[in-house]
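Given the sequences, and given the hints that come with them, work out the whole structure.
Residue numbers (my numbering), protein chains in the order written: chain A, 2 to 268; chain B, 2 to 268; chain C, 2 to 268; chain D, 2 to 268.
These are calculated hints, taken from the structure and not from any lab test. Among these hints, one or two may not hold up.
The list treats identical chains as interchangeable, and a pair is accepted whether it falls inside one copy or across any two copies.
Taking lysine-lysine pairs in the DSS-like style, the calculated list, with each CA pair at most 27 Å apart, reads [claimed, not checked]:
| # | residue 1 | residue 2 |
| --- | --- | --- |
| 1 | 236 | 6 |
| 2 | 230 | 6 |
| 3 | 84 | 230 |
| 4 | 52 | 224 |
No experiment lies behind these values; they were computed from the predicted model shown.
4 protein chains.
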Amino acid sequence: MQNLKDKVAAVFAASGEIAGAVARSFSQHGAKVYVTARNLDAVKTLAQEIKANGGSAEAAKVDALDEAGIDNFLRKVVADNGKLDVVFNGIGANYDEMGGRPPTTEATFAQFMAPLEKLCGSQFLTSRIAARYMMQTRSEGTILLLTAALSRSKLSNVAGITAASAAIEGLTRVMAAEWGGDGIKVICICPGALLETRRISGWINAAAQQYGMPVEQLVAQYKSLDILKTSPTLKQVGETAAFLASETGVAFNSHIVDVDCGKLNIL
Amino acid sequence: MQNLKDKVAAVFAASGEIAGAVARSFSQHGAKVYVTARNLDAVKTLAQEIKANGGSAEAAKVDALDEAGIDNFLRKVVADNGKLDVVFNGIGANYDEMGGRPPTTEATFAQFMAPLEKLCGSQFLTSRIAARYMMQTRSEGTILLLTAALSRSKLSNVAGITAASAAIEGLTRVMAAEWGGDGIKVICICPGALLETRRISGWINAAAQQYGMPVEQLVAQYKSLDILKTSPTLKQVGETAAFLASETGVAFNSHIVDVDCGKLNIL
Amino acid sequence: MQNLKDKVAAVFAASGEIAGAVARSFSQHGAKVYVTARNLDAVKTLAQEIKANGGSAEAAKVDALDEAGIDNFLRKVVADNGKLDVVFNGIGANYDEMGGRPPTTEATFAQFMAPLEKLCGSQFLTSRIAARYMMQTRSEGTILLLTAALSRSKLSNVAGITAASAAIEGLTRVMAAEWGGDGIKVICICPGALLETRRISGWINAAAQQYGMPVEQLVAQYKSLDILKTSPTLKQVGETAAFLASETGVAFNSHIVDVDCGKLNIL
Amino acid sequence: MQNLKDKVAAVFAASGEIAGAVARSFSQHGAKVYVTARNLDAVKTLAQEIKANGGSAEAAKVDALDEAGIDNFLRKVVADNGKLDVVFNGIGANYDEMGGRPPTTEATFAQFMAPLEKLCGSQFLTSRIAARYMMQTRSEGTILLLTAALSRSKLSNVAGITAASAAIEGLTRVMAAEWGGDGIKVICICPGALLETRRISGWINAAAQQYGMPVEQLVAQYKSLDILKTSPTLKQVGETAAFLASETGVAFNSHIVDVDCGKLNIL
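Spelled out as structure tokens, the structure:
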């Protein structure tokens with residue numbers, strides 16, 4: 002349980018549930034964790050919880066889309082620690098921000114581009130700034146990105162977020178290829194629908210409203226494709242991230258890692 | 002050779018070599034072809050060539066990133082013909098527009114997003130506006146997009162265009178899923194490096210300069226992964242597009258179609 | 002419609018419906034077609050039909066699992082024609098031959114291996130013997146194999162045929178890599194479930210019996226994943242094969258070509 | 002480091018280096034490990050080493066291709082322990098057994114089928130017999146298979162082993178789909194070339210002889226595609242297997258898990 006002993010980890014968009022679970026796992030494996038978000042209160046609470054559980058954590062207000070803000074933050078982290086070992090960016094998007102789930106014929110250009118800019122753009126920013134500091138400090142660290150299996154699905158009314166997911170996976174491969182010479186690992190985590198999160202339950206509720214279906218029916222639909230009749234947990238995503246950032250995790254470098262417990266429709 | 006007899010086809014960014022080849026093939030298979038670009042002179046010349054060869058063509062000035070312009074143009078096409086059978090958007094990007102091939106640690110946010118907005122954004126616009134008119138006129142047509150196998154590669158210094166290629170492939174699947182109920186086919190063409198084009202020869206020249214390698218060596222490098230020791234031709238891409246838009250081509254609906262003659266490093 | 006003018010094509014297992022459709026398309030595109038099967042009467046009837054329609058065809062009794070028989074047959078074809086341009090092997094398997102659809106815990110070793118030996122083994126034999134004669138005669142021909150998307154699915158009670166389908170796709174890539182230097186193209190066709198064939202209707206009937214479901218419900222289930230609410234036709238498979246064997250088809254060398262009209266669950 | 006505390010694990014073909022590493026990791030994570038092979042002395046030595054390091058191990062003579070032998074062995078394991086939690090089959094093949102690396106045009110039918118029967122056949126046997134005992138004892142265990150990325154490569158003169166690798170991956174998906182309802186996880190490990198193993202160094206030596214190249218050049222060729230300029234280690238494969246068999250590993254159910262540290266030519 003001490004896979005990340007003495008490691009320095011930075012988590013972006015840590016007010017979200019996935020990033021929160023990842024930060025908790027990083028800490029439980031021994032890392033010092035910097036948790037950041039636009040919402041400082043949320044990450045302060047998270048840092049306190051981690052410390053209350055015996056971990057080492059610091060909260061900072063960082064907007065994962067603000068290049069200068071990310072840079073200032075990471076500069077301070079490496080100034081204080083002399084290195085940067087792990088980065089995870091858990092940025093996500095709600096349908097609200099994307100104008101709901103309009104048919105692609107109705108979505109505006111701005112609605113379509115929004116997830117590409119927010120999700121893929123943020124992953125680009127945090128990854129590359131982290132890589133620079135890892136190179137500077139010869140940290141040979143691990144950069145973990147987040148995507149969704151939409152990238153390989155044929156679902157309706159999700160053009161922007163599907164394009165963004167696919168783009169993040171492509172970006173992962175380029176960055177892994179570029180930075181491997183400096184010993185930097187780049188891995189992308191692709192969780193299946195985490196039914197316990199507010200986002201997925203929000204999606205399900207929104208879809209239930211849109212299609213006039215009972216929520217239970219949609220949940221059952223989601224689970225009908227789950228081979229183990231259970232969806233992955235936040236804990237499993239966090240533990241997988243900690244594993245990927247560990248010494249053994251290097252074996253997964255450059256890959257898209259599905260954390261879905263097996264779904265009938267995802268290869 | 003009359004797979005597209007009486008079909009009405011619109012080609013965007015037709016001043017480019019790939020789109021030009023596609024337009025020529027569409028015409029040779031019997032389609033009436035509308036060739037459009039920001040550069041009206043270029044597509045006028047193309048239309049004249051097509052007509053000189055016995056085809057039916059019309060040129061129009063359309064910016065494939067201008068939503069209103071695309072809409073006005075396609076509205077006129079369906080007003081004149083009562084239908085829209087085939088759409089191809091050949092939009093591409095030069096390294097110049099993307100700030101050369103900077104390392105991902107150096108690329109600016111704007112440089113990274115540029116191909117996503119231009120390539121993926123344009124494919125989004127032309128596809129969805131075309132789909133609306135196809136639905137309106139019950140045309141049950143075919144929408145052809147363009148991508149590059151970068152989406153599935155691990156190459157350095159091509160973060161933006163790789164992300165854009167992957168995004169276009171994801172977008173293809175969503176649109177195919179959404180519009181299939183209206184009989185609309187959505188297929189994405191993925192040509193291997195077309196050594197005969199100005200773009201690829203430009204890339205090779207740029208890379209030769211950047212890495213200080215002789216052009217012949219880079220050409221040989223490109224071809225070293227070609228199973229048949231030959232790269233695909235513009236003619237083959239055009240003929241494939243015409244086939245995909247034909248009655249049989251429906252069998253390829255929703256897929257990414259590699260037109261690369263087989264490469265050792267592309268699955 | 003004369004994509005294969007003056008070409009010499011050999012079709013194995015041509016008593017099957019897919020191979021029959023392929024032979025018909027080859028002929029309609031101008032090829033001289035040798036149709037072979039263990040059941041000589043069946044391919045004689047096919048050859049007569051092709052000739053009645055103005056094509057050129059010859060029937061021969063060949064067991065696509067008998068190495069010497071295949072060799073003798075192809076030796077004669079190249080002796081008579083000086084070349085061999087196209088080969089297609091349509092070998093398939095019925096659940097009967099595989100012991101029904103037993104759960105994998107119940108399937109015997111022999112039942113599991115049967116489709117690997119029959120389907121993958123036969124494709125190996127006809128492809129490599131054809132390749133030898135293509136090399137000998139510098140034919141630079143096209144070898145077309147047949148697989149099923151089971152290779153990329155997660156379906157129950159189909160272990161052997163799934164393993165065989167995946168194996169055939171791997172084999173395709175090795176052979177393409179090996180023989181490309183001799184100008185030989187190797188391409189694998191992967192048709193979606195062809196509801197009009199006896200085999201698929203047989204499968205549906207068998208599954209209906211096994212699970213106690215009405216046939217209509219199973220057909221609807223099959224189609225529920227078809228984006229265009231229609232399954233591909235034998236004609237489309239035949240025309241695609243003819244296209245792949247044509248001058249343009251070289252662009253598809255080494256690939257697995259899905260002919261399924263788009264399915265929600267197949268990437 | 003106690004991910005597998007109180008777990009009962011059976012390892013087949015444990016005289017091989019990969020299976021040996023997996024058995025060691027299973028033990029280090031707290032599992033009781035049964036190590037089996039045709040060569041009883043080899044696994045006795047392994048068991049002694051594990052016990053000398055404080056682990057719990059038992060050696061048994063089992064031929065991973067002998068259905069009755071596997072059945073008798075696993076019956077005894079569940080009789081003694083009341084359950085079966087983890088199975089790994091490390092069966093491999095040497096070029097010697099496959100007749101060297103003959104061109105596919107020269108390989109005999111038997112040479113081609115050999116790896117399919119041995120590798121894929123053995124994985125089928127151990128997996129399904131294990132699944133039966135897991136079902137009987139409601140063990141909700143994990144079955145780990147072994148493949149090679151040849152399945153997704155285009156390499157020459159490796160038809161049989163490529164087909165076998167692809168077949169094993171297809172088989173993994175079917176078994177995962179079938180047994181998930183019983184809580185059984187099925188996951189396939191795909192290590193990159195492990196340069197430290199006798200098998201890969203043997204392959205490299207054989208290839209060096211065949212092509213008349215210095216060994217160092219071939220090693221450099223192997224590594225030239227390694228993003229991190231290092232190939233994965235046996236230890237990493239073992240630790241990954243232990244992780245996949247752990248509580249968190251369930252998240253990887255049904256997937257092919259690459260353990261290659263990132264290769265430029267493997268997606």
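The hints, checked one at a time:
1. 236 / 6: both (19 Å within a copy, 19 Å between copies)
2. 230 / 6: Answer is between; shortest inter-copy Cα gap is 25 Å, intra-copy 35 Å.
3. 84 / 230: between (42 Å within a copy, 22 Å between copies)
4. 52 / 224: Neither: 36 Å inside a chain and 43 Å across chains, both beyond 27 Å.
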